[in-house]
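2 protein chains.
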Amino acid sequence: MKVTIKSPLDMHLHLRDKEMLKVVAPLSAKSFCAAIIMPNLVPPVTTIEDVVAYKKRILDAIGKENFEPLMTLFFKNSYTYEFLKKAKEHIVGIKLYPSGATTNSEGGVSSMDIEELKETFTAMSELNIPLLVHGETDGFVMDREAEFGSVYEQFATNFPKLKIIMEHITTKNSVDLLDKYDNLYATITVQHLFITLDDVAGGMLKPHLFCKPIAKRYEDREALLKVALSGHPKVMFGSDSAPHPIDKKECCGCAAGVFTAPIALQALAGLFEKNGKLENLQTFVSDNAQRIYGYSPTCKDIELTKEPFIVPSSYEDVVPMFADETLSWSITSIV
Amino acid sequence: MKVTIKSPLDMHLHLRDKEMLKVVAPLSAKSFCAAIIMPNLVPPVTTIEDVVAYKKRILDAIGKENFEPLMTLFFKNSYTYEFLKKAKEHIVGIKLYPSGATTNSEGGVSSMDIEELKETFTAMSELNIPLLVHGETDGFVMDREAEFGSVYEQFATNFPKLKIIMEHITTKNSVDLLDKYDNLYATITVQHLFITLDDVAGGMLKPHLFCKPIAKRYEDREALLKVALSGHPKVMFGSDSAPHPIDKKECCGCAAGVFTAPIALQALAGLFEKNGKLENLQTFVSDNAQRIYGYSPTCKDIELTKEPFIVPSSYEDVVPMFADETLSWSITSIV
Chain A
1 MKVTIKSPLD MHLHLRDKEM LKVVAPLSAK SFCAAIIMPN LVPPVTTIED VVAYKKRILD
61 AIGKENFEPL MTLFFKNSYT YEFLKKAKEH IVGIKLYPSG ATTNSEGGVS SMDIEELKET
121 FTAMSELNIP LLVHGETDGF VMDREAEFGS VYEQFATNFP KLKIIMEHIT TKNSVDLLDK
181 YDNLYATITV QHLFITLDDV AGGMLKPHLF CKPIAKRYED REALLKVALS GHPKVMFGSD
241 SAPHPIDKKE CCGCAAGVFT APIALQALAG LFEKNGKLEN LQTFVSDNAQ RIYGYSPTCK
301 DIELTKEPFI VPSSYEDVVP MFADETLSWS ITSIV
Chain F
336 MKVTIKSPLD MHLHLRDKEM LKVVAPLSAK SFCAAIIMPN LVPPVTTIED VVAYKKRILD
396 AIGKENFEPL MTLFFKNSYT YEFLKKAKEH IVGIKLYPSG ATTNSEGGVS SMDIEELKET
456 FTAMSELNIP LLVHGETDGF VMDREAEFGS VYEQFATNFP KLKIIMEHIT TKNSVDLLDK
516 YDNLYATITV QHLFITLDDV AGGMLKPHLF CKPIAKRYED REALLKVALS GHPKVMFGSD
576 SAPHPIDKKE CCGCAAGVFT APIALQALAG LFEKNGKLEN LQTFVSDNAQ RIYGYSPTCK
636 DIELTKEPFI VPSSYEDVVP MFADETLSWS ITSIV
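Chains as they are written, first to last, in my numbering: chain A, 1 to 335; chain F, 336 to 670.
Keep in mind the hints are simulated off the structure, nothing from the lab. Here the structure is a predicted model, which means the values were calculated and not measured. Any given hint could be a false lead.
Claimed, not checked - With a straight-line Cα cutoff of 27 Å, these simulated BS3-like cross-link-like pairs (lysine-lysine) come out: (1) F:515 x F:453; (2) F:583 x A:206; (3) F:635 x F:391; (4) A:248 x F:583; (5) A:76 x A:161; (6) A:172 x F:391; (7) F:583 x F:337; (8) A:306 x A:226.
To be verified - Computed Cβ-Cβ distance ranges for the label pairs, DEER-style: (9) F:668 x A:18: 49 to 59 Å; (10) F:391 x A:218: 38 to 48 Å; (11) F:517 x A:310: 53 to 63 Å; (12) F:417 x A:308: 50 to 60 Å; (13) A:218 x F:417: 42 to 52 Å; (14) F:648 x A:151: 48 to 58 Å; (15) F:517 x A:151: 47 to 57 Å; (16) F:446 x A:65: 34 to 44 Å.
Here a beta-carbon is modelled for each residue, glycine too, at the ideal position from N, C-alpha and C.
Go ahead and model the full structure; you've got the sequences and the hints to work with.
Dropping the structure here:
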């Protein structure tokens with residue numbers, strides 16, 4: 001059995017910088033046509049110069065591979081219309097982090113007060129720049145995303161022309177918001193279609209499956225699966241692939257992030273096939289994103305075949321999801 | 336400021352075997368007068384010979400320290416009245432594990448069907464042997480203990496003369512059961528008075544705070560604190576101190592268990608003092624257990640003083656709770 005994905009897109013990706021960038025960028029570039037690159041470096045990407053320089057470092061790391069890094073800025077409520085008008089040529093969106101919500105988010109927004117965000121949100125609406133949001137409060141870890149739902153509703157209601165992407169959603173609550181507001185969209189990762197908190201902490205503790213937002217309940221996973229498999233028009237694949245070196249994952253205080261870039265398409269092909277929805281994989285990993293972002297690349301087709309793929313134990317010092325396990329689908333051709 | 340605890344008791348302790356036993360047994364023996372020793376060795380402690388031999392190994396590991404290991408059997412529904420009558424001389428209780436619920440529990444009970452447990456429970460009732468229970472279903476990790484509540488209710492109702500100890504309770508639901516059934520009692524650990532799931536997985540992932548049952552929500556911790564601090568007469572201290580070598584805690588699949596034996600009394604003194612309930616510490620760590628188990632040792636008094644105690648990074652290759660942190664109370668004299 002085979003399936004060919006035209007121009008697969010990863011709408012949420014962490015490539016980091018320096019040595020780690022050199023390890024992981026080529027892996028994403030191999031499987032994907034383009035990816036939205038998160039700006040949470042240290043310090044974060046907040047100027048046009050930062051964006052241009054980071055994009056160049058990514059392209060250098062990728063070499064000759066045909067892959068477009070779609071750049072983002074790290075949200076600041078000091079961004080003005082004039083600045084954003086210039087920035088728009090270089091970015092596809094702006095990523096908003098609540099301060100402290102995840103890796104390298106310390107410089108994020110500390111208040112979700114509409115008044116403080118209004119000027120920048122209004123400018124983004126007028127310039128048609130999407131807002132990408134890490135939607136978690138600072139509440140109890142299992143409730144953070146659901147609690148953030150009211151913030152999404154405020155944003156959506158007060159800025160009806162702002163395109164808001166609820167990034168890496170993990171709850172039924174977020175899924176339900178999609179059909180309630182025209183201007184809310186979502187990305188979903190590989191891991192949140194496969195796991196619940198039981199996989200992270202129900203048996204042995206699995207640091208390589210630990211991420212933010214943390215995997216939730218079975219009913220949440222069911223809701224995510226339903227919209228992903230059905231090709232819901234407002235749902236895009238975004239891996240949130242987030243590499244950390246092994247000594248930051250297997251230690252006494254482990255960093256959050258699951259590394260899926262090199263195994264994402266193979267895992268998704270298996271999942272969609274198992275659920276009898278292989279025909280919707282193209283929609284989930286490319287078509288919806290093209291329509292939502294108004295971006296239509298024609299850079300590569302990935303042929304996947306139902307042949308065993310033994311996932312490596314690690315890529316350099318980064319351990320991927322499904323390490324040492326065998327997936328039922330392999331990438332057999334890249335054109 | 337000082338406080339003296341007469342005959343402190345740890346009503347739930349894992350001492351393991353072999354080299355680990357030699358590392359951890361002296362640490363418990365230093366702080367406590369006696370402790371109930373869990374029987375989940377590999378293979379589990381299921382015969383009188385096992386009990387006697389394990390007790391001897393513990394006493395050998397302890398040396399001259401004045402400490403009594405209170406032994407238990409690993410529950411089997413094949414235990415008869417005749418067997419238990421003989422066993423009673425050597426044990427203070429029988430520990431029931433649902434199969435697979437925690438470390439080395441594979442040989443536990445696979446069904447909580449009253450009919451299958453009746454003969455052994457009836458014999459235990461008649462012989463006045465307490466039933467110690469690891470109360471978790473095989474459900475979603477955050478729900479397992481609350482789901483087990485109905486099993487506790489069945490046990491309590493059907494065997495009103497059986498003394499049932501809900502071990503290491505972690506939920507408000509379990510606390511509420513204490514006042515509903517005369518024959519339900521509980522132990523509470525150090526860690527569940529200090530942490531919630533946020534401490535385990537809300538920031539970085541902390542394998543050394545990962546245990547079964549997993550730490551729950553803030554309202555659960557509040558309920559546990561309330562009964563512990565108030566000296567509720569049916570609540571006893573049981574550390575569930577559960578050592579694992581560091582390579583089983585900081586790895587790709589980490590074992591469940593928090594090691595607290597050498598820091599428990601110091602941490603509890605600080606907690607009770609901070610909450611203005613130092614006068615109830617004696618009740619929580621000894622008096623209630625003596626009354627519930629009908630056991631009155633007079634072996635040692637531990638004097639604690641409000642002086643900084645820097646918790647070691649590790650005891651041999653076992654990392655304790657609060658490693659490298661400074662507790663506000665120290666053990667200053669053992670008489």
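Here's how the hints hold up against the structure:
no., hint, result
1, F:515 x F:453, "holds, 22 Å"
2, F:583 x A:206, "holds, 12 Å"
3, F:635 x F:391, "holds, 21 Å"
4, A:248 x F:583, "holds, 16 Å"
5, A:76 x A:161, "holds, 19 Å"
6, A:172 x F:391, "violated, 55 Å"
7, F:583 x F:337, "violated, 37 Å"
8, A:306 x A:226, "holds, 23 Å"
9, F:668 x A:18: 49 to 59 Å, "holds, 55 Å"
10, F:391 x A:218: 38 to 48 Å, "holds, 47 Å"
11, F:517 x A:310: 53 to 63 Å, "holds, 58 Å"
12, F:417 x A:308: 50 to 60 Å, "holds, 56 Å"
13, A:218 x F:417: 42 to 52 Å, "holds, 45 Å"
14, F:648 x A:151: 48 to 58 Å, "violated, 41 Å"
15, F:517 x A:151: 47 to 57 Å, "holds, 48 Å"
16, F:446 x A:65: 34 to 44 Å, "violated, 56 Å"
In summary, the numbered hints that this structure violates are 6, 7, 14 and 16.
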